[in-house]
Structure formats: structure tokens, C-alpha cells
Amino acid sequence: MFGLPSFAQFRRRLGGFARGSAGRRIVGVIGSDGAVFVRFARGRIADRIYVPAPDGDGIQAVRDFLEQDAAAPVSLLLDVLEQHYREAQVPSLNPFDRRKVIARKLRQTFDADTITGYLQLDRRALSHEGAEGQHTLMLVGVPDTEDLRAWSDAVTGSRNPVAGMALLPLEAHRLLRAVMTTPAEQAVWEVLILRHRASGYRQLVFYNGELVFTRLTPNPEADADVADEVDTIEGEFRSTMSYLRRLSFTDADRLELVVVVPEDIGQQLNARRMRIREVHTLNPEQFAEALGLAAKQYSGDAFTDSLIADWFARQRWPEFRLEPPPLRRARRISMAPKPIGWATAALLVAGLIYDGMLLADLRERFEDLAEARAENQRRTATLQDVKGQLAAEGVDVERFVTTVRTRAALAAQTPMYTEPVRGLAQALPDGMIVADLSFQRESGDGDPLIESAAAELDETPGEPPRDALSPNGAGQGSVTATVELRQPPADRRGIMRSFRTLRQQVDRRLPAYSVQITEPPFETEESGSFAGTAGLERAKGSGTPDRVTATYVVRGPDS
Amino acid sequence: MTRTELGRLLRRLTIPLGSLVLVVALLLTVTGELRGRLAQTDARIDQLKRDTASAVRKIRRIKANLDFVREHGEIYDRTRDAGFLAPQDRLAAGKRLEQLAVETDLNNVEYTFDAARRAALGNQEADAAALVATPLEIQVQATFDSDIFAFVDKLRDGLPGYLLLVDGELRRAADADLAAEGELTPDQERPDVISAGLSLAWVRLAFPSAESGADG
Chain A
0 MFGLPSFAQF
10 RRRLGGFARG
20 SAGRRIVGVI
30 GSDGAVFVRF
40 ARGRIADRIY
50 VPAPDGDGIQ
60 AVRDFLEQDA
70 AAPVSLLLDV
80 LEQHYREAQV
90 PSLNPFDRRK
100 VIARKLRQTF
110 DADTITGYLQ
120 LDRRALSHEG
130 AEGQHTLMLV
140 GVPDTEDLRA
150 WSDAVTGSRN
160 PVAGMALLPL
170 EAHRLLRAVM
180 TTPAEQAVWE
190 VLILRHRASG
200 YRQLVFYNGE
210 LVFTRLTPNP
220 EADADVADEV
230 DTIEGEFRST
240 MSYLRRLSFT
250 DADRLELVVV
260 VPEDIGQQLN
270 ARRMRIREVH
280 TLNPEQFAEA
290 LGLAAKQYSG
300 DAFTDSLIAD
310 WFARQRWPEF
320 RLEPPPLRRA
330 RRISMAPKPI
340 GWATAALLVA
350 GLIYDGMLLA
360 DLRERFEDLA
370 EARAENQRRT
380 ATLQDVKGQL
390 AAEGVDVERF
400 VTTVRTRAAL
410 AAQTPMYTEP
420 VRGLAQALPD
430 GMIVADLSFQ
440 RESGDGDPLI
450 ESAAAELDET
460 PGEPPRDALS
470 PNGAGQGSVT
480 ATVELRQPPA
490 DRRGIMRSFR
500 TLRQQVDRRL
510 PAYSVQITEP
520 PFETEESGSF
530 AGTAGLERAK
540 GSGTPDRVTA
550 TYVVRGPDS
Chain B
0 MTRTELGRLL
10 RRLTIPLGSL
20 VLVVALLLTV
30 TGELRGRLAQ
40 TDARIDQLKR
50 DTASAVRKIR
60 RIKANLDFVR
70 EHGEIYDRTR
80 DAGFLAPQDR
90 LAAGKRLEQL
100 AVETDLNNVE
110 YTFDAARRAA
120 LGNQEADAAA
130 LVATPLEIQV
140 QATFDSDIFA
150 FVDKLRDGLP
160 GYLLLVDGEL
170 RRAADADLAA
180 EGELTPDQER
190 PDVISAGLSL
200 AWVRLAFPSA
210 ESGADG
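Heads up: the sequence lines are chains A and B, in that order. Its first residue numbered 0, the first sequence is counted upward by one per residue in numbering that gives the first Met the number 0. Its first residue numbered 0, the second sequence is counted upward by one per residue in numbering that gives the first Met the number 0.
Note that these hints are calculated values from the structure, not bench results. Treat the hints with care, as some may be off.
[To be verified] Quick partial rundown of chain A residues pointing at chain B, CB under 10 angstroms, derived from the structure:
(1) Thr413
(2) Ala434
(3) Phe438
(4) Glu462
[Unchecked claim] Each computed BS3-like pair below joins lysine-lysine, with the alpha-carbon atoms no more than 30 angstroms apart:
(5) Lys62(B) with Lys48(B)
(6) Lys153(B) with Lys94(B)
(7) Lys62(B) with Lys386(A)
(8) Lys48(B) with Lys386(A)
(9) Lys386(A) with Lys57(B)
Note that the Cβ used here is the ideal one computed from N, Cα and C, for glycine as well.
Build out the structure end to end from the sequences listed, making use of the hints.
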């Protein structure tokens, strides 16, 4: 039953943490004996007036007063005699039905010309103790009197923003907690008595922190003395006690009374026997101090209207609003700029944060830009420097590189015959001569020399090659020589030995070349054929062949 | 809502709505300006980075060129001085060849400069540099093979340009070995002991800008 708090309860709890400064604000305490309007500036009272009646002069006085600070929001705190509170029970229903049920109850409870509202209470109804599965509501009604309309019109007709209207009894429990000595969880019955110029003695009775009922006693006549005031308070409190006894209060229950009255009344009241143990009498200055207000400005006050107005002005929002429709509309009109203001502020903050991030980014980019510019300048200077160095060489680079690379490519394709020919000549012993000599390129694909050289270069012969260039290379070639042995010996083996010795000698002199005897004087290998002549005619001869030759092929150099 | 209330609502909303519009306009302007500057700065940074990267590539290329030039300057000079880049003058070359044949005691030399061949370098385009090779066929009769070798050596040094011995053949035409019998006297008849056929390539490098008419 008492699970999740209602919105009103949540707002009430939150309101306790949401006190602010009175700032620029005007609060009007409306009572049955007139109204007190208090203007605050910078958290202190700037001006205040008491208007006894909402007649022409009174309303004009109020308008003039409001005009003093037309930008200050105006709140009204209602403390009139006629305000009705009824407890009611409603079953747990869905929100739509609940609204309808409550509206019906309000219509049944109050007259048609009554401004009505309701408040959900945390506790069970005192008159229906033990009812299970029901919610307890406080139905509130204030007659929409001519006086009230006059005060309300005075406010709505001004240029000031309207902050709404609230009922003092429903706001007062927070006042009470500020001055009670008993912890909230122990307090059961609490009574607060205030003395208002606009209304009179206001008694507020709370049970477990919730308003149970309230009474208003008009102020005594102007010629009443202190004793009369004390008698009035005592008498009214007795009446309250008798009513409380009808509401399940017993003498065993704990009850705490706080009375805020001038010092002299308080002293005499303390001397009386009130038949309760815990009575606190405070003068307005002490009460203001207990509420955390600037107390000195209330030191001479006989009434608490201004003090209560000061306290109320510091509340972020009232616990309960009860407004006639024109005042409600005026409040909504006044409040309409607020969401736009919040949206503007939120937008501004978000925009500034975003722009701040952009600015930080921009600053970082500027640093990057400076760095990139410096790097670019360094590189450009280096470029100019190397360009200067290259220009100092005084050459056409592309022509230069093409020439050198082409020259190297040609060299790589061109055989050097000098070395094998010289090696062969130096190895040739006496009695052997070269009969024929031929030399040719060893071109794998048979391309002409310059085509082969051109093919060695890539697409960009004017650029230096990635690999090191060897300009003194040589192409592959072969030298074929037919060597004749003059005056050969009769022994064929001796002939073969001479040619083999020559091959070995050439081999030794030309280690980078391969030397082969492609046509030996006699074919001694199994794969070849060996022929000769024999007989008497052959035997009549010298016995040795006339001409003995062998063909050598020298290839290289090896790459 | 009455007309008075409506007027009041409009009055109350004027300043907040005006402020909202002003704030929105201000934020849009500032944000737009900042974003524009950011984009502009980014573009400038990118451009600078591209320029720097381009400069780095150029530096690398120029340094490579510079290193190449410094490393191979001597070869280039030698090649250029040898006439590798100069137009070929066949008449002068023929005259020089004839002089050398006499100088190296060759009995008979017959030579032929054939039609030149071109091999374009690199991308093979018309304006590319090209290797130009003039085939030179030589038939020689000599008494000694060493004279032929000396002739070839001097020819390679004496002709402007780059002369390559591609292939060749030496054949003993007579069964004599004069080298074994000692020096011939000047008034002695010099027999054709060695006959040689040589194929050479007279090569030069032609740059398009250097082309000016036919070789001599």
C-alpha cells in the first residue's frame, strides 16, 4: 500500500534538498484580514506592505508595490480562514479511473465555486484506521471568493511573472521540522502556532509529519493586552486538544507544541500550565534563525507574515498548488519562457562545449599545420640544396645516366676476345701453330648486339638503376681454334698427350673460361669412331701422319 | 485563453525565443566557421604533406642522380670523349682505317660500312634515345696474325665512337710459318699467310635533340 511514492510525495522530498535563496521575488501572504506583500532583493527584505482589504486603494497599493520590481516573480501564500481539508479513501485503480473517482469525490465534497485539489498522504486515514488496499487522500478546497479573485487579479494584471499560489498549512510541515527538537521518526503529534497580521493565529496540527487539521483564530482587537493574547492562545490550544482527542489522540501520546509569538507573549505563555511537556515558544527572530534566514531583520516583528514569506520565497517550488484558473494560466504563461530558457541555455552550453572541442581540434590542427609547414620548408631547403649540388656538376643528368647505362649494357653484351686469344697463344708450345681461329658472341636468343644491349635497360634508362652498375662487364663469347702439331711423333699416345697438355696449359691460364677439345686428333672415346690405314704401303711410309690437328673451344668468361 | 493573456504570452516569449534564435544563429555561425576552418586547415595540412612527400621523392631522386653522377663521372667523360655521343663520319672513318692498314703492314684490307641499325631505348617511343650500330665488315690478308690483332686494336682506338668486335675468323692461307723464320726484310715479298674476316659494330648513342642530318 505504501510502496512507491506518488509524484507529489517525491516532489515534497526533493523539495527539502532544493532550497535556494529568496533572490528577487515577491511573496504575498493572503489572509482573511488583508494581505502582506514582501519584496525580496539579494535574499533580504527590500520592502513590504500590509494591505487590509482588496478594495480599490488596496489593489492600487499592491499594483504600485509590484511595479517596484516588475521582473520579480510573485508567489501567493494563502492563509485565509476558509480553507477546507477532508480525508478520503480511494481504492487502488488505474490512473484514468482514479482521476474520475477523485473528481467525483471533489464534486461531492465541495461546492461548485470552490477551488479544489487533492494530495496523497503517506499515512492511513485517522477516521478509517485499518482500511486495507486503499489510498488516503487529502481533499483540499478553497472558496473562490471575491476577495481572493481581487488579490489574484491584482497579481495577474501586473507585469510581474506569476509563480503561483500555495496553501500555508500544506507547506508548513517543513517549517516545523526546522524547529522541532524531536527527531522526525519519533515525532507523532506536532502543533505549530503562528501569528499572522493578514489572518490571525494559525494553528497547524501534524500527525507523523502530515497535516491533520488547521485552525485560524482572528487577531484580538487592537487594544488587547498581552494577557488577552495569551488567554486567546491558551484557549484555542485547549479547543484544539479536545478536537484531537476525538481523533484518537490520548494523553499517553507524544505531542510537541511550537508557538511563534513576540517575546513578552512567549514569556507569559511559558508561565502557564499547558498540560503538555514539550512547549517551545520562539520569537520571530529566533524562529527565523532556526529556519536559517537572516534573523536580525525580524527582531522587531510582532507577526510572522514576512518571515514565512521569506522562508517560502526560498523554496524552489511549493508542495501543493491550488490556483484559480486565471492565476494558473498566468503562472503557465509566466513559466512558458522557462523551458525555452533552459533549452537555450542547454543549447548554448552544448554548443559551447562542441565549439570548445572544435577549437581544441583547431588548435591541434594549427600545431600540425605549423609542423607540416616547418617540415615542408626543411625539405624544400634540402631540395634546393641538392638541386644546387646537381647543377654544380654541370651535366644533363638524363643524358649522363643514359650514356653510362647504355655503355655498361653494351659492355655486358660484348665479348672480350683478347684474353682467350692471348691465353691460347701464350700456352702454345713450340711445334704447334694455330691454323684457323674464329670467334663469336654467345648470344642465347640470337639477338643482334645493340638490340640485346637495349633490352638490358628498363623503361627509364635516364634514371639511375636500383642495383649497382658494373660498367666494366663483358659478354659471353667463344673462341674456336684449330691447332696443328708440326712434326708429330710416331706414337699416337704421345700426340694425344701433347694436345692434352696444351688444353691443361690453356685451362690453367684462363681460369674464368672453359676449355674443350671438340675435335681431337684421334677419337678414343667409346662414343666416337676411330679409323686408320694399315699394310705394306702404309708401312713403307714414314709411319707418322703428315698433319695432326685438334680443335679447341674456349668459352667465357663465366658469369 | 483571453486576448490579454495571449498578448502577455507573446510578450513573455519574445525575448526567450529571440535569445534562442540568436543563440542558434550564433552557434551555427561559430560552428560553421570553426568547421570550415578545420576543413581548410586539414586540406592545407594534406596539401603540405603531399608537397613534402613530393619534395622527399625529388630529393631521393636527385640524390640518387647526384651519387650516380659523382660515381660514374670518369666513365661518362671517357665515353663522351671517345665519341660515343658524336655523329659518325664514314668518310673519315674509312680514311683512318686505310691509314691503319698501312701502318700495321697488312697486305690487303677490304671494308664495307653497311646500313646502320637503330635500337630505341626505354619506352621505345619515337623521341627516345637510341643505340645506332653501323655494321663494318672487313676482309684482311696479312703475313702475320699479330698484324691483324694490332690492326683491330688500333682501329678500336682510332675510330671515333665505340667499335665492337662481334665475331670473326682467321684462316691460315699458306702453309708457312714465317714467324719461326724470323723478321722479313722490307724489300722481301710479303706472302698472304693469314686471311681474316671480321665483323664489327660501330656503335654510338643518339639523342633526339642531337640528331642533325645524316652521318658523314
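Consistency of the hints with the structure:
A distance limit of 10 angstroms between C-beta atoms decides the matter here; for threonine 413(A) the minimum to chain B is near 5 angstroms, and the interface restraint holds. Restraint check, alanine 434(A) versus chain B: the minimum CB separation of about 5 angstroms is within 10 angstroms; hint holds. Hint on phenylalanine 438(A) holds. Least Cβ distance to chain B is approximately 6 angstroms, under the 10 angstroms limit. A least Cβ separation of about 7 angstroms between glutamate 462(A) and chain B falls short of the 10 angstroms threshold, and the interface hint therefore holds.
For the hint linking lysine 62(B) to lysine 48(B), the alpha-carbon distance of about 20 angstroms falls within 30 angstroms, and the restraint holds. With a C-alpha separation of about 14 angstroms, the suggested pairing of lysine 153(B) with lysine 94(B) holds against the 30 angstroms cut-off. Restraint check for lysine 62(B) and lysine 386(A): satisfied, since their Cα atoms lie roughly 9 angstroms apart, inside the 30 angstroms limit. Note on lysine 48(B) and lysine 386(A): the hinted pairing holds, with a Cα-Cα distance of about 20 angstroms set against a maximum of 30 angstroms.
With a C-alpha separation of about 9 angstroms, the suggested pairing of lysine 386(A) with lysine 57(B) holds against the 30 angstroms cut-off.
When held up to the earlier numbered hints, the structure conflicts with none and fits them all.
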